[in-house]
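Work the whole structure out from these sequences, hints included.
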Amino acid sequence: MPNKYRLATGGTIDRKVPIKFTFNGKTIEGCLGDTVASALLSNGINTTGRSFKYHRPRGIVSAGLEEAGTFIEVMGRKGTSAVPATIVPIEEGLRIKSINCWPNPNIDFGQVLQMISPLIPSGFYYKTFFKPQWKIFEPFIRKIAGLADIPESEISPTTYDSRDAHCEFLVIGGGIAGLVAALMTARTGKRVVFVDNHMEPFGNWSLPVNENASIRQWVRTLKDELNGYSNVRILTKTMAWGYREQNLVLAHETNGIGQSELVWRIRSSNVIMSTGCTERGLVFPHNDRPGIMLASGLLNYCNNYAVIPGDRVILYTNNNSIKVLAKTILEKGKEIVAIVDTREEGLSDYSNLPGNINIYSGHQVNKASGWNRLRGVIASPVMGGKSVTLRCDLLAVSGGWNPNLQLWFQSGGSFSYDNELATFVPANSVQDVITVGSLAGKFGFVEKINDAVQKISDLITTVGLSTELLQIPEFDIPEDEYSINPYWESGSGDAGSKSFVDLLNDVTLADIKLALREGYDDIELVKRYTTLGMGLDQGKTGNVNASGIISNITGKTLDEVGLIKYRSPVSPVSFGVLGKPEGDIVKPYKTTPITKWNRENGAVLYEAGANWRRPGYYLLRNESMMDAINRETLAVRTGLAIYDGSPLATFEVKGKDAARFLELMFTIPIQDIHMGMGRYGLMLTEEGFILDDGVCFTMAENWYQLSLSTGNVDLVHQHLEKHLKCDFAHMDVSLTNLTLQWMNATVCGPEARTFLQEFDTDIDLSSEAFPFMAIRDGEFNGIPARIARVSFTGELSFEINVRPRDLEQLWGILVKRGNNYGITPIGSETNHVLRVEKGFISLGHEVDGKIDPIDLGLGWVIGKGKKDFIGKRAMELNRTSKLPRKELVGLVSRYPNIQFAEGTPLVASEDHLFVEGHVTASVWSEINQQYVALALLDDGRSRMGEKVNVRNLNGIEPAEVAKPCFYDPEGTKLRS
Amino acid sequence: MLIIDCPFCGPRDEREFEYCGPYRERRPDNMDNLSESDFIDYLLVPENPEGVGQEFWWHKRGCGEWLLVVRDTRTHQILSTVEADAE
Ligand SMILES: [Zn+2]
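Residue numbers (my numbering), protein chains in the order written: chain X, 2 to 977; chain E, 26 to 112.
By construction, these hints were calculated from the structure, which means they are not laboratory data.
Because the structure is a prediction, the values reported are computed rather than measured.
The beta carbon of each residue, even a glycine, is placed where N, CA and C say it ideally should be.
Hints may be right or wrong, so weigh each one.
[Said to hold, decoys possible] Coverage of chain X stretches by chain E, computed from C-beta distances (three or more under 8 Å per stretch; other residues unrestricted): (1) 236-248; (2) 724-735.
[What the hints assert, rightly or not] Lysine-lysine pairs mimicking DSS-like chemistry, simulated, CA-CA at most 25 Å apart: (3) X:Lys723 / X:Lys867; (4) E:Lys85 / X:Lys591; (5) X:Lys865 / X:Lys883; (6) E:Lys85 / X:Lys588; (7) E:Lys85 / X:Lys723; (8) X:Lys224 / X:Lys238; (9) E:Lys85 / X:Lys655.
Take a look at the structure:
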């Protein structure tokens, strides 16, 4: 019979709308409003999972985020893993699997672990890792310790996004104190954000309340007023999970499995925390049997889902908050077999309950019996005496209430132990945050309201605002003082019986004792040694018990023992929502003005540094990528080619001290660069390593232009700026990044000059008037242009710089008239081949952050007479060590068709594990008809002609060390 | 994520800024005849206090100014923000 344990009336579920889903392959019927947990419980499914380490059967132990018993995996397209069964609403056709069960929760191979459990005490993993037996255990452990499978669907249909919110008041938690706080702050007219993780954000009490009509009426009034404020943003189904510096609170909003998810970054001048309390369990042997749950969980299932998943109920408590549950169960017509209360004075608390309930005050539960289902408990007087066996199928436990300090911890707030409440409460704040309600240790209903009213009034006055007074009606409810007798552990149990402190991570009382015995006497060490509180629930129901137990054993006070530090997030948050959204909207690519032309002419475009999307090569019909690159390189070497060099970094440096500044920034002398000429140089970091290379042109007196690498522009800009502002602020220099202001078409190849001379230009392009490294301003075919004779290809090359708006026109005319020459557009892959053939360095290949100019054979760019430049001193200091340096060399194989892949190590001949260098770049050189490579090799420059060993994937390949230049070593072509 | 109160732009989100390292003294002018130990101190021994420290921030996606931020590394509280070369 479906829903066997569903009560006939009550609850917020809709009995008329049945919903079917599958759980471990079995079809389950629940109804609208059920969670996976409530639907399973109403159907009498007790064993819903297996424990992490010992694979003991586990059931559902709570009704909220504190769940430590049952985690599930949602399968299918909307798949998600490791979520508590208590927070997933059921949907028609949902497929659910419990995790840690192999092959299923009832037949579990992992039970074998039970038999070997004495062999896996706490610290087992640490100990095993140090010994050879890990090899034996590993496959077995991996198989059974896996948490959840990778979702079936590759791409989740869920959309993830983020939002920012700013406000004067942020209220976290929608209990009564939170509601009061939200309303009072709303009345100030300032911006208020109100965050709550429940479906229905108002009236979720953590401590049980004897609700009546007057309470419900008042809550409705407050809620209606709050909903009417336009200055209030109410975020429901939103969990505040992170508290960062300067009152930044991170919250996760979701509409359920597979729905869109948002992460909110809420910055508030004041934060009001009313995150409430969570009930803790009691520690006794076999306290993990399916059928044992937190009293608060059972109360929730009773009231909201109309489920009492058992016929014979026992309540076990150390405090009087369980009274509300007792009353509710009796009202629903179920039998309470007994109440076991560790307090002697417990008896009087239950005097006005109807019927004859056996009250065992001053008693403890010694152990629970049953395996897949609870069968009963054995109880005995705390002070010793005759034990009694009680049969039951449902045990609700309450070990007391703990303020939810997770966010408070994250905000930096301190805490102290409250003897009356037997738990930790917030003490001093570090940020602008206050706590109200049960979080602040106010456990009575009216007490919570008064606390909130008082603190919020004070806060509003302190920040210089005012608010209307809140009228609080008389509630006709019995307000008992909370009474608790902390009882951190009970029952001695036999040697083999386990008392769980952390249900989710299978940490037992014995494990904690072992950790303390082995000298891990700090609670944070106990945590690391036993994995206590390290599960998905972060020990929400177990950590305070652990502190109590450690205090009992060590004799330290609870303030001395402290509490395991709670970390962000408060509860797990999906990776999707934490990841930065990617794509063109968030991170747009930069493109140059001829992108349209490129697309129409076969360009294969992709990112090539600094977020520029540019052609890698241009594909003609039926060509392979390799064909295209070979065709393009030959065009440069033998005819005429053109490329778009716009992404190159361009900086302008002006001012009286511009030269003085650049002398310090570059390795080369600057002052003697003639007007209209440029000089190739390097920029080093102060640590003496290469940051970038490029050309510095002298445009006029006190006016320089830098042409630098594409990829490093942001870093170089920061480097220049930092030194200018922080070291050389006294200099008269202005620095402007003109990268996006100058676009260029670079015409290269032996025929470049002849071709360009056909155009109408006032710039004399002859080699006498316009030598290599010169720069000229003028007009080119009617377009204002700045032409530079630099070359990244090793060929005669003219870089025609124009305004961005002119590039398309310039490009068009060059390509059109170049047809007679067979002008060939080339992409960045081809440029790479050409620069490797020439041995020109490239950032990220030869320059890896550990290389200095001399290593690359660029000693000649270091100005001999320079007393100082950034990095000089450190470079010299680095070189005082006589260890071998990695030096740039060329590599060739005996066989032209052998390629040494980039990154391949070069190894010593006597020891193939000794790496003496690596291949930095390797290309097919069409002009040489062979593969050529560049490499960094220990003392490479003095080893020309030597044989070295390249450790390719399929063995050792001999190679010959050569000069790092495979084309026109004298440079006559590029100077022509 | 920090809010940095730029003296030119007002309080702005950290995402507009680039962190540019801890504060250090202005680069010595006599780098070529600095003693080796003084040089190593300058290069490799920046202050890295647990507590109040000074650091450079660049308002790159804002006004472009360089800022000297005094921040408590334990609480992330920002105690002051001034222009880096305002001496
Ligand atoms: Zn600014």
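Here is how each hint holds up against the structure:
Coverage of the segment 236-248 of chain X by chain E holds [criterion: at least 3 residues with CB-CB distance below 8 Å; count 3]. Residues of the segment 724-735 of chain X lying with their CB closer than 8 Å to a CB of chain E number 6, which satisfies the three-residue condition for coverage. For the hint pairing X:Lys723 with X:Lys867, the CA-to-CA distance comes to about 22 Å; that is within 25 Å, so the pair holds. For the given pair, E:Lys85 sits about 18 Å from X:Lys591 by alpha-carbon distance, which is consistent with the 25 Å threshold.
About 22 Å separates the Cα atoms of X:Lys865 and X:Lys883, which keeps this hinted pair within 25 Å; it holds. Only pairs whose Cα atoms come within 25 Å are accepted, and E:Lys85 paired with X:Lys588 is accepted, the gap being roughly 17 Å. Only pairs whose Cα atoms come within 25 Å are accepted, and E:Lys85 paired with X:Lys723 is accepted, the gap being roughly 11 Å. For the hint pairing X:Lys224 with X:Lys238, the CA-to-CA distance comes to about 16 Å; that is within 25 Å, so the pair holds.
A hinted pair counts as satisfied when its Cα atoms are at most 25 Å apart, and E:Lys85 with X:Lys655 qualifies at roughly 20 Å.
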